[in-house]
Amino acid sequence: MKTPLQKNIYWTLLAIVGLTMLVNIYLALGWVRPDAEQGDIGRIFFFHVPGAWVGLVSFLVVFVASVGYLIRRTQGWDRVAVSAAELGVVFIAITLITGPIWAKVAWNVWWDWDARLTSTLVLFLLFCGYLMLRRYIAEPSSRAKLSAVVGIVSAVDVPIVYFSIRWWRTQHPQPVIGGAEGSGLGERELIAFLYSLGVFTLLYFVLLIQRVSMARLEDSVELLRRERRGSHTAAKALSWLLPLLLLGGLGEAAEAAMVPAQTAPDQGGQGQPDPLAKEREQLEIETENLIRKRQELAGKNERAIRHMMIAYATVWVLIIGYQITISRRQAKLQREIDQLS
Amino acid sequence: MKSTWMILWKDLRLEWRTKEALSAMMVFGFLVIVLFNFSFNPGAEEIRSSGAGLLWIAFTFAGTLGMNRSFAAERENGCLQSLLMAPIDRSSLFLGKWAANFLFMTAAECFVLPAFLFMFNVPIRDQLGTLIGVSLLGTLGFTCLGTLLAGVSMNTRMREVLLPVLLFPISIPLLLWAVETTSAAIQNAYLDPLMMHGQAADVARATDGGALKFLVAFDMIFGAVCTIVFPFVVED
Amino acid sequence: MSDVPLSEPAPGAAALAIAVSGVRRYFGAYEVLAGIDLEVRNGEFVTLLGRNGAGKTTLLNIIGGLLKPNEGEVFVAGLDAKSQGAKIRPRLGWLSHQPGFYGDLTAHENLAFFARLYDLKDWRAAVERGLEQVGLADRRSDRVRTFSRGMLQRLAIARILVHEPSILLLDEPHTGLDLPAIELLNTLLEQFRGDRTILMTTHDLGLGSSLADRVIVLAEGRIVQELDGGQELSALREQYLAILSQEVAR
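Residue numbers (the working numbering), protein chains in the order written: chain Y, 9 to 349; chain P, 227 to 462; chain E, 448 to 697.
Don't take every hint at face value.
Just a few of them, taken from the derived set where beta-carbon distance is under 10 Å, the chain E residues facing chain P [said to hold, decoys possible]:
(1) Glu486
(2) Arg498
(3) Asn508
(4) Leu539
(5) Ser543
(6) Glu694
These are calculated hints, taken from the structure and not from any lab test. Glycine is no exception: its CB is placed at the ideal position from the N, C-alpha and C atoms.
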């Protein structure tokens, strides 16, 4: 049962995070200068990378919580572990969705198996395995114990995965499609990036707190019900997420498919014999090329901005959607507790 | 470690009596190779570039099949309970099972690997040593994780299905390094005769980029982690 | 068979073979054991009586170290079951619902396997003795897969005999036995009395309760009553029925 004080604290935290997020939006979308090569699409960087970063943090939390549970055997540790895993999935989904959007617009490939993205994908699979395991064990202490074991093994694996995939990429280098990491980060960009990292981490922990308290509510309901639990919340929350993810991804695919074709430049007609004719022609051609390039860039940039906004919107849909899911479930659990007690 | 040996010996003897798991593993591994032929229609070029991957897919699929059963027998008649009531170390139980799974998977590989070399005409010659070495090291790590996770998944509703879902993502680094080493060996196998006759003197020999030592490190790390963590799986 | 058990109780241990206090055990939200206090002295024969689902098996599992209690303390042979299980196990003989044998090994191989896990010096002789005592000597080379339920149970009893434990935990040992086998079991139990400590669960009053020193009635995770063993079966039955009807009324 949440005391009014706890509620106030939580909403204050959420408000703080909201404000910092707004600042983050301003920094990422307005303050930072558009990337020289990619245009505005490069702004995705500021929430694409933090998503992966938070995924890593999440694994650390799962590791600590799993070890804590095996040593202490109190349910609280298990709640933290499952909450961290779920949130890890959400934030990694951010990275895995914005990654292809960015790649398609900037480099014209959906997925290029680059080191960072591939490692993030493996992280996603590890989290999925963990959550799937939990789904298939009904008894709470057995579930907590076994998922703690898998959590520990997976977490130990994470640095090895990153290392091995990076090594693999050096063995099989691709033509440099993806932007090299952090290359060419100017001062503004660096500040905005670090700020982004901080904000996302803050957001993560605030959501984690709420998810843990929801888990506690669930345990209370369980105790009050005194019967075997029917559904598994992890799966339920995920089942909310998957349609969201799909919608986000499909919308993107639809947009990107409607790329205007570019016409090839015509060859100019014959020029009159003129001593400066050649140079004038050259100049004309070059000017034409420049104008065309600028038009291209502008067109590209328009599309880029559109895609980036959609990507950003998807991020917010994910985060807010998750928050709404948790809140609704908490309300329902609270009603049930009031009914039963 | 006498109990480790006893448990290993018991599993070996059981398998020898029925030969169920082993034959299924061999057949399945072989099947993967046959299917590969139909899916990719590979010539020497394809084998040189993707053969290592195919081999390890065949190995791991066969291995997963076998490991699923490793705890099934214990569970069936409540033997696990009898084992737990005996005064043996829980880690001995793990080591014994790991050793058994390792031997079974290796036995299956003894069939699948020659089948692969034979059916795709891979001129392996002096690379055989490397090939055997990487197979053993990779199998060691894979069975270590697989034994632990089989113990975990046997406690769930979805027993057999869950093992690959858990095992493969965690084993990705191991597979990466194993395939890399195997791939270098296969490429060198094709290269050696040419180099011997001076026809490809300027082509560099493929190296595994140090993958082998990473493989060893992986085995050691997870050998330790899984042994430490296993008692939690079987005990309350 | 030697008169002195192979595994002595821990030196300096109290006369209590088993001491359980305040044990609670939940499975999820379901409380299986709601505060159990139990003492079994060395050499005592105690029967735990209760309906199915009363928590007998869970309690036995906790005493044997297979489960940990959520609350409470368990001491076996003076040692803490939660932390010193490894030292306790050599002194324990365990018989559960499930036979726990490998179907494709022979009777002899099964017993030999488990005997050697106990690190016995003369395991061959012990296995032979065990097989003879339960009357399975002629089936020693047959695969256990071919055994009937009764034979499996006899083999399980043989397994207990092999390492000569001082404390026996038997979970409904008469289940699935035919009359001769029941006789055999009761004869063996009679032999063990005084020598070894026996804690046996059952849901059937007629089976083995007359041998017990005490009969403890378990219902809904609680000990509700203690009856004196050694009474006439009919007297015991009356008392038990009275208790049951009380429980139902509650």
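Going down the list of hints, with the structure as the test:
This hint is violated: Glu486 (chain E) has a C-beta 22 Å from the nearest C-beta of chain P, more than the 10 Å allowed. A least Cβ separation of about 22 Å between Arg498 (chain E) and chain P goes past the 10 Å threshold, and the interface hint is therefore violated. Against a cut-off of 10 Å between C-beta atoms, the interface hint on Asn508 (chain E) holds, since the closest Cβ of chain P lies about 9 Å away. A least Cβ separation of about 7 Å between Leu539 (chain E) and chain P falls short of the 10 Å threshold, and the interface hint therefore holds.
With 10 Å as the threshold, the beta carbon of Ser543 (chain E) comes within range of chain P, its nearest partner Cβ sitting at about 6 Å, so the hint holds. Using the Cβ-Cβ criterion of 10 Å, the hint placing Glu694 (chain E) at the interface with chain P is not satisfied: the shortest such distance is roughly 29 Å.
Of the numbered hints listed earlier, those contradicted by the structure are 1, 2, 6.
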